[in-house]
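Participant: Once you have looked at the hints, place chains B and C on chain A.
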Amino acid sequence: MRASTLTRLLLGLAVPFVISVQAQAQDQLNAYAIMPEKFSSLLVDAFTQKTGIKVNFVRLASGEALAKLIAEKNNPQVDVLLGGPADTYEAGIKEGVFAPYDGDASGIPSQYRSPQNLWFGVGLNPLIFMTNEDFISNNKIHAPESWQDLLDPVYKNGLQMADARTSGTATERIFALVKLYGEDGAFDYQKKLNANVQLYTKSGQGGALPIATGQAASGIFYLVDALDILNQGYPVVITYPQEGTTYGIECVGMINGGKNAEAAKKFMDWATSVDFANVMVEKQINFVPLHKDVKFDNPVLDISNVKFLEADAAWKGQKRKEYVDRWVKEVIQ
Amino acid sequence: MPAELRIENLCKTFTKGREVVNAVRDVNLTVAEGELVTFLGPSGCGKTTILRMVAGFETPSGGTIHVGDEDITTLPVHSRGIGFVFQNYALFPHMSIFENVAYGLKARGEAEDAIGRGVAEALELVGLAGVERRFPNQLSGGEQQRVALARVLVLRPKLLLMDEPLSNLDAKLRLHMRTEIRRIQQHLGITCLYVTHDQKEALTMSDRIMVLSKGHVEQIGTPFELYAEPQTLFVADFIGQANVLPATIGEPAGGMAVTRLGPATLSLRCIAGSGTPAAGPASVVLRPENIRPVAAGEGKLPARVLHRFFVGDHMDYELTIDDMKLPKPLFASVPYEPGLALFEPGNTVGLDFAEKAAIVLFQTPGG
Amino acid sequence: MAGLVSAPALATPPGGGDAARTASVTASLGVYPILGVIWLSLIIFVLYPLFELLKLVFWQDGVLTFKPLMDLLEVPYNVKALYNSLFLGAAVAVSGTFLGFCFAYFTVRMRAPFWLKWIIATLTLLPLISPPFTSAISLSMVLGPNGMILKMLGIPQINLYGFWLTWTAETLTYFPVAYLALSAVLVSLDPSMEDAALSLGSSPWRVFYTVTLPMTTPGLANSLLLLFANSLADFATPLVLAGTYFPVLPTQAYLQITGLYDYRGGAGLSFLLLVPALAAYLLQHYWVSRRSYVTITGKSGARSPVRGMGAIGEGFIFTLCLLLSAFVVLLYAIILQASLVKVFGVNHTFTLEHFEFVFRSGQKAIRDTLIIAAIVTPVGGLMAVIIGFITFRWKSVANMFLDFTCMLNYALPGTVVGIAYVLAFNEEPLQLTNGLTILVTAYIFRYFAAGIRSVVASLHQIDKNIEEASASLGASGTRTFFKITLPLVIPAVLAGMRYLFIHSMTAISATIFLVSVNWTLLTTRILEAMSGSELARASAFSVVLIVLVFISSGIMAYIVKTYSARLAGAGES
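Chains as they are written, first to last, in the working numbering: chain A, 1 to 333; chain B, 1 to 367; chain C, 1 to 573.
Don't take each hint at face value.
Claimed, not checked - Restricting the straight-line Cα-Cα distance to at most 27 Å, the calculated cross-link-like pairs of lysine-lysine (DSS-like) are:
(1) C/67 - A/140
(2) A/329 - C/67
(3) A/179 - A/156
(4) A/321 - C/151
(5) A/38 - C/483
(6) C/55 - A/94
(7) A/265 - A/94
(8) C/342 - C/151
(9) B/214 - B/172
(10) B/328 - B/214
(11) A/73 - C/55
(12) A/265 - C/364
(13) C/483 - C/561
(14) A/265 - A/307
(15) C/80 - A/156
(16) A/38 - A/329
(17) C/55 - A/266
(18) A/265 - A/73
(19) C/561 - B/16
(20) C/342 - A/283
(21) A/179 - A/191
(22) C/80 - A/192
(23) C/364 - A/321
(24) A/259 - C/364
Bear in mind the hints are in silico, worked out from the structure with no lab data behind them.
The shape of chain A in the complex, shown without the other chains (with noise of 0.2 Å):
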């Protein structure tokens, strides 16, 4: 061997690293999910199924999501959104990081759809209190049905939530608070909460599975995630507070410049059409369901008693950034 084979073998090595390697097959598409990963890889499935064109998605949490898709926006790397509260597409929005679909998008309410057609609502996703069954039966109480319930000293160190800088979920009980105690008594009221709280988690779901397994006694979900434990068979008991509640609108959109353009429209026909709420139906991907023509009859999903706060998705998307800052500051410090 000569010297400059040796340099020869070692440029050899190095070019490959230098030249990106991505191919860009014909039927394909990639998507970030906010969805939960086993739900987005059987929505996924189902429409690989259907078309024919293969997803590449990555689940990532809703403001990692974000801080990508932002952070790519001039070289964007997926095609689609696949879930996710409407208020991180509002944000999303404002960066320029969606293209309109222009479909048809007609079984969709116009309530949970964006004005200029950048985001569809797939389901629903009440915000609930899910409780440990033993917990409640050992302290001989009841599940909590007012947001004031939770501030019972019973709970001291017992709840387990989101924290806001991360989770849609997180923010989403913001809102709430602050429809229900406006801004001021929100903060007040998370600042008392804040008390009785063991542990903020990365993630909306972060906290459901300790409060499954007894290690925490409560916390405030979105249901989707309490239904997927309460499914899994652990002693868990969900309640809707009184005093009212809010839900986010789980959505799908278009990434603008995406390079599969083509497979990104088919996925949102397909993704607003019925077939999509009948899977999410079928494999109990439990958000409730949007479409005009689906039909359920699981009683959970059933929320005509509810009472819902107004806020809508554009207040929430603006506000955001605000009342995470304001969460830091005040609650968590």
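Facilitator: This is chains B and C only, laid out in the frame that chain A set:
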């Protein structure tokens, strides 16, 4: 306080995997107060192991060790009051020379000023006064060895054990340190065990030498005894050089035996204790300086010159005897004198020696 | 995570500056083009990303400014995070080093059945080859509120989230680093030092603290710094266990970016982290590791049977090691059980469905992870040999700088490196995000430093006469390198490669920002499963990953051992 050391039936066995190794077998030794006894033998003969058992670093598999009247066989190392000097000096690298030498005194809980005095005295004794503040890595090998000695001597141990203390020094320094150590040992009158594989070192320094081979004692004696009257072929060969000739003896009587050595029949001195004194095959040992080639037909045996080497103060010859089965060629060392007769390789010569120079061992080579 | 195999970094023998032997060997290797390639890659993958990070922090509207940093420091929460990070690092350094020393002392110095030592030594390896949050997760089940042990102790309501759990988890995760470093030191301590001290009349306990311990001091300092740096960089453990009461910098930087989309803030926070991490590393690398009492001369006398520190001390260490080992077993048993039952804590029916899921849905992650590790390991190993050889044989200011640059990504916390990579490779001309390249380079340039260290350490031990003999027999420089030098350093290279392999399988801090739809990693899948409340799947993923790493690194260790044995055999005969 120097004391007598008594080792009785000392044994040590190791297990190496499934193999059981008898590292030391049945060693008996008494060392008188103020005596320096050297353990000499090739590597693996067990000499260091015995020393380490006396120090307490190894536990004997059998036997006892007494210092004075005290049985120390199972006493913990730090309660024995025995000084040990290591081959690699084992100075504490993180302590100054003062701290090194003071280490044992501090362990005893001596007063500050007593420690200071003791250290100064000990360093004075080894000729290193004034190095207290330095660290071991700032000293030469010889100086480190002196510090190691001082570190031990400052405690006035009952017994001083030295494990090949000079083997890491260069030849010249080694020579110097030999006399130095012997001087100090005699000056203090300290009882001392000294391990070495260097026979010159052993011969020059020791009161007595214990020669070991494969874990057992070959012979214990003064350097002169070992050289003049080796009791085994091993000792004969290990201490100085020895020519070994196969021989047949008649019934020994009065320390002499009629010996058939090739064509010659001689009456030679027998070494008691070198085996079973009985008629039959035996060996004759001759030192190289005691034999010389002479003109063919003269001398006691016929021989042939293989090689000749001129070494300056003497002339060395390698010789063979054609009719005898020699384990290796004979070696003759003839002192230079003016007019010395020279023999060429290939020459047939006679081999001459004084009968009193030859000794009979009741052993045969390899047997 | 700059830690695992710290042994190579430790073993750098003192001295050895042989400027004289440079010329012939290196020059004839045609070293300049190679150096050019190396520098090019270092500039692209080490200096440029760091530059981008610093630019974002200190360069605003075309002027150099400290304002963004000052703004961050005005938020008390961030200051608290900085303070917490340093405090946690110090606490983990002390506790981990203490435990590491006890374990090292137990396995090296104490009398115990061989099998017991083997089991305990193997157990200490588990945390090293586990993905970062495995122990954090099971720890929360054991010591979290209502956790098993707290219930047993009758204090189920105590909330240890925050400092205590994070500290416990990091201590458990990193004490093996100290163990490896310190057992190497203890093994090579000349036993005659202790023999000498004993025979001078010192009691075993006094020998321990006047001789054994002081002679281990450089090793202890080394271990303290390593653990400090490891803890400082740890991002996964606090993410799971620290909660909001005990913010630490790596987690804050991560949250700043992913939660508040604030790259500048995240970069600023990671810069705060960079300063103490680099300081600790430089201290360790250029000062502590050079001060060593370890003898490798082979001059020492007979190796004595091990000698202890006295019954009380040894009893304490023995009990501690047994208890802690049992605790580690418990933690991993929980993970294993959770992966094998329907619903851990509720329905303990045996099932393999979680593993089925892992091999079905996680197939891509497994494949991607293995592909990445399979590229990183040989490429990083080769680069380590070449760079190690050049910097060792050719002492110059430029090569000292080369050495330093190679260590940079290793010394910096993973979060910092990850953020710097995202900033640097997000746009043309070096648009690498979403590719394989960014993951592979992140791992190589972060972990090959350990390989370089171990190559340099072994080069120190090669007699230069061997190379000169080869040259005098007419072999060219290149031929000498490939036929003589390379085979002799191969054990070191393999050890370095094993380190690269383990880390490219298990590390997450740097790469959590770098995974994409095209390339994903097992570790991020575990984090994902955890945050999706899927304990069983997270556990199954962890078990698969641990088994994969255990087997492959075991094979690599075996190769190293047999190869070294062969070399040693050749040396003796």
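Participant: Work down the list of hints and note, for each, if the structure agrees.
Facilitator: Hint by hint, here is what the structure shows:
A threshold of 27 Å between alpha carbons decides the hint, and for residue 67 of chain C with residue 140 of chain A the separation of about 55 Å lies outside it, so the pair is violated. A distance of roughly 20 Å separates the Cα atoms of residue 329 of chain A and residue 67 of chain C; the hinted pair therefore holds under the 27 Å criterion. Taking the CA atoms of residue 179 of chain A and residue 156 of chain A, the gap is near 25 Å; set against the 27 Å cutoff, the hint holds. For the hint linking residue 321 of chain A to residue 151 of chain C, the alpha-carbon distance of about 40 Å lies beyond 27 Å, and the restraint is violated.
At roughly 53 Å between alpha-carbon atoms, residue 38 of chain A and residue 483 of chain C are farther apart than 27 Å, so this suggested pair is violated. As the CA atoms of residue 55 of chain C and residue 94 of chain A are separated by approximately 26 Å, the hinted pair is consistent with the 27 Å bound. Only pairs whose Cα atoms come within 27 Å are accepted, and residue 265 of chain A paired with residue 94 of chain A is accepted, the gap being roughly 22 Å. A C-alpha spacing of about 23 Å is found between residue 342 of chain C and residue 151 of chain C, which places the hinted pair at or below 27 Å, so the restraint holds.
Under the criterion of a C-alpha separation no larger than 27 Å, the hint pairing residue 214 of chain B with residue 172 of chain B is inconsistent with the structure, at around 31 Å. A threshold of 27 Å between alpha carbons decides the hint, and for residue 328 of chain B with residue 214 of chain B the separation of about 22 Å falls inside it, so the pair holds. Restraint check for residue 73 of chain A and residue 55 of chain C: the C-alpha separation of about 21 Å stays at or below 27 Å, so the hint holds. Our distance criterion of 27 Å between C-alpha atoms is met by residue 265 of chain A and residue 364 of chain C, whose separation comes to about 26 Å.
Between residue 483 of chain C and residue 561 of chain C the alpha-carbon distance is near 20 Å, which keeps this suggested pair within the 27 Å criterion. Straight-line distance between C-alpha atoms of residue 265 of chain A and residue 307 of chain A comes to about 36 Å, which puts the hinted pair past the 27 Å bound. Between residue 80 of chain C and residue 156 of chain A, the direct Cα distance comes to roughly 24 Å. Compliance with the 27 Å bound is thereby established for this hinted pair. Between residue 38 of chain A and residue 329 of chain A, the direct Cα distance comes to roughly 35 Å. Violation of the 27 Å bound is thereby established for this hinted pair.
Between residue 55 of chain C and residue 266 of chain A the alpha-carbon distance is near 42 Å, which puts this suggested pair outside the 27 Å criterion. A distance of roughly 19 Å separates the Cα atoms of residue 265 of chain A and residue 73 of chain A; the hinted pair therefore holds under the 27 Å criterion. Proposed proximity of residue 561 of chain C and residue 16 of chain B is supported: the alpha carbons are some 21 Å apart, at most 27 Å. Distance check on the hinted pair: residue 342 of chain C and residue 283 of chain A sit about 19 Å apart at the alpha-carbon level, within 27 Å; holds.
This hinted pair checks out: residue 179 of chain A and residue 191 of chain A have alpha carbons roughly 17 Å apart, not beyond 27 Å. Proximity of residue 80 of chain C to residue 192 of chain A is assessed by CA-CA distance (about 22 Å); at most 27 Å being required, the pair is judged to hold. About 36 Å separates the Cα atoms of residue 364 of chain C and residue 321 of chain A, which puts this hinted pair outside 27 Å; it is violated. With a CA separation close to 22 Å, the supplied pair residue 259 of chain A and residue 364 of chain C stays within the 27 Å bound.
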